[in-house]
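Q: First to last, the sequence lines map onto chains B and S.
Going by our numbering, the first residue of the first sequence is number 4, and it counts up by one from there.
Going by our numbering, the first residue of the second sequence is number 4, and it counts up by one from there.
Keep in mind that a hint or two might mislead.
Since the list can't tell identical chains apart, any single copy or any two copies may satisfy a pair.
[As the list claims (entries may be wrong)] Calculated lysine-lysine pairs in the PhoX-like style (CA-CA distance at most 20 Å, straight line):
hint, residue 1, residue 2
1, K137, K251
2, K316, K244
3, K175, K332
4, K276, K195
5, K189, K76
6, K277, K251
7, K189, K237
8, K251, K273
9, K276, K251
10, K46, K76
11, K276, K18
12, K125, K276
13, K244, K276
14, K189, K268
15, K5, K82
16, K195, K82
17, K275, K244
18, K5, K119
19, K244, K273
20, K5, K169
21, K18, K244
Because the hints were derived from the structure by calculation, they are not lab data.
Protein chains: 2
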Amino acid sequence: MKIIIDAMGGDNAPKAAVDGAIAALRDFSDIEIVLTGDEQAVKPLLGGQGYDAGRLTVVHTAEVIEMNDAPVKAIKEKKDSSMVRAMDLLSKDPRAMMISAGNTGALVAGSTLLVKRIPGIKRPALASVLPAAKGEVLLIDGGANVDCRPAYLQQFGIMGSIFMSKVFGLEKPRVGLINNGGEEEKGSELTKEAYQLLKAAPINFAGNAEGRDLLSGGFDVVVCDGFTGNILLKFLEGCAKTILGMLKGYIVESAQAKLGAVMMKGAFTKLKKKMDYTEYGAALLLGLRGGVMKAHGSSNGRAFYSSIREARKFISGDVVSVIKEEIGKLNQATAD
Amino acid sequence: MKIIIDAMGGDNAPKAAVDGAIAALRDFSDIEIVLTGDEQAVKPLLGGQGYDAGRLTVVHTAEVIEMNDAPVKAIKEKKDSSMVRAMDLLSKDPRAMMISAGNTGALVAGSTLLVKRIPGIKRPALASVLPAAKGEVLLIDGGANVDCRPAYLQQFGIMGSIFMSKVFGLEKPRVGLINNGGEEEKGSELTKEAYQLLKAAPINFAGNAEGRDLLSGGFDVVVCDGFTGNILLKFLEGCAKTILGMLKGYIVESAQAKLGAVMMKGAFTKLKKKMDYTEYGAALLLGLRGGVMKAHGSSNGRAFYSSIREARKFISGDVVSVIKEEIGKLNQATAD
């Protein structure tokens, strides 16, 4: 299994990518890693850390796409950047998977241009795994498509369902439509129409998911436009921080509560781990002819390691081929 | 100050409304309360509780709008319902304020039909006060208008700003636009255009508010369409429950953590209080010729009491007149 990593993307580049790659090479004997990036920065980080160096290749690149670069312009002009080269390599080897913690807009635009969409897919979408009360839930689209049409949401539901089935091993993932009410007739112009399309899709459609249901464990996949998804993902981050920050404020007011918090340290650590995105690897860009993962910009070595672990499952599950097959069937049925 | 309460709305009707009204009559000598509802159900709850009964009137109504009634149909057909009668009374006395814990759709539709919009207001909007890391933040629209145009969002910003200034006493409330990125050029078709309109409005517009900024304390008002707002409000409820539920699960795994949690009981109680909607009164329906408050369907007596306390501030701040004046000026300026 080949995993291509844009070593220069993200706040902690290239150290985070290199550390994650080395840790993964030690733990997983079935992977091969290609790092794209500045040789002079990457090579000094590789020395003597007890791993099989024969399964690691560094492809030198001279440019870097920065976080504030305009996406399409950067992809077109920085042809020798670590991100563009990683995409080039992926497009030649679609059974591989690429990981980047770089500029999200550039990754979405570049993947669409260079890795290319699966035939019949209208828009690739970002899928993120979130912690739920029981297990996990996949949110799709997390921000690739700000303005959506109903048919996009139908495809997001199909892709998300395939992902949870192939990567998480769920038999019939329950797919929900994020909506402002539980009843079928509720919704915006977009979601009312999307509801009917999801109902007709070859998935286990479980109806509307209201805001309070998203993390309840009642759904395995929740579908929305990228505007809503982006706001929800960042709101979750903000809520967890705000709620725990408030609690901390009340704890320090009392010596007894402070002692109690010390005794609860183990429980807090587990909660922090459960809410920690580094445990969940990265977001997936689904709908492309190869696997593309977007790691958080602030990813550390541990987060890259988790991403590589998830990438292995994505490759084993053959997610790209299954999406291709299902979308082909659906379009065939619609054309008939 | 006259406060009209739909005593038959909500899960705990009519007891919750009556209990809240009596407690408020005891604490606030400057209010007069009108309860609309079934006399036979309401009157037995009023007996001998040591308050000034001279400031309480019961207006008998024979019908009730149920939670699952179709909104517009219910308003048109149930003319002798506690909700419709409360609206009738408010429309004759626009300095008063009405409170209902009943069917939200019926309340929004009915208020627009019977209380009527302020001239120049395109759409009334639901405004909810949320707990933030520092102080509070007003979210508007919380669900009255599922599909919005940019001009609606501009008016929501103006109304929200007036509310936080007149009711919370903030000098120049910082108004943010809920968006999927911090930069001016980010957004959906709707928010890109709304950004420019909010920038031009006579408010302290502080730019885009990303999901993680909503509760950070960096904004006093955050503006969005009612689809996004409804999902965010319910997601906040779900997040708080899920996060604290996870923590509880980890606590019961260890005897030491259980003891620690007991010692932290005070801190947990404060957090619960801070996150408790009953402390925040209700949502406001802004943009109408009278003040309309939507209390949570599960409101208890304490929640009604809080709503009445907030209603007093709304009346004192003369929010309706100030909105009327500001929208008049804005429309005049646009016409010039």
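Q: Which numbered hints are broken by the structure, listed smallest first?
A: Of the numbered hints given earlier, those the structure breaks are 2, 4, 10, 11, 12, 14, 15, 16, 21, listed in rising order.
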